[in-house]
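A.B. asks: Sequence:
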Amino acid sequence: MHLGIPCLLREATGWYCWGCGGQRAFHQLLHGNFEAALKLNALVFPCSILFGYILYAELTEKPFPYRFLRLRVVQIIAVSTMLIYTAWKNLI
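First residue of the sequence shown: 127, per my numbering; consecutive thereafter.
Keep in mind that the hints were calculated from the coordinates and are not lab data.
There may be inaccurate statements among the hints.
Straight-line Cα separation of at most 25 Å, DMTMM-like style, residue types lysine to aspartate or glutamate; simulated pairs [what the hints assert, rightly or not]:
1) Lys-215 / Glu-161
2) Lys-215 / Glu-137
3) Lys-165 / Glu-137
As the structure is a prediction and not an experimental result, all values here were calculated from the model.
Build out the structure end to end from the sequences listed, making use of the hints.
C.D. replies: Structure (structure tokens):
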């Protein structure tokens, strides 16, 4: 029985997207199973660090501490990473 929302890309094309397995990977990460989390979705580690940083910035109320996320080069790197990871995940 599946309780989560199905991936639209996976349903339409049969390909995994960059986020497929992310929820299971984050669950494994919270339980300390780092190897299982890495196998399910390797992007869970940088995303967790980024979300932790944003949460810290919001809780400490620092003015615009993550302004770098709006830089064009950071956005291009993020999108490129997601596209490359998606291709790699489907080819292996």
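A.B. asks: Take the hints in turn and mark each one as holding or not.
C.D. replies: Hint check:
Between Lys-215 and Glu-161 the CA atoms are separated by roughly 16 Å; this keeps the pair inside 25 Å, and the hint holds. This hinted pair checks out: Lys-215 and Glu-137 have alpha carbons roughly 16 Å apart, not beyond 25 Å. A hinted pair counts as satisfied when its Cα atoms are at most 25 Å apart, and Lys-165 with Glu-137 qualifies at roughly 21 Å.
The earlier numbered hints are all upheld by this structure, with none contradicted.
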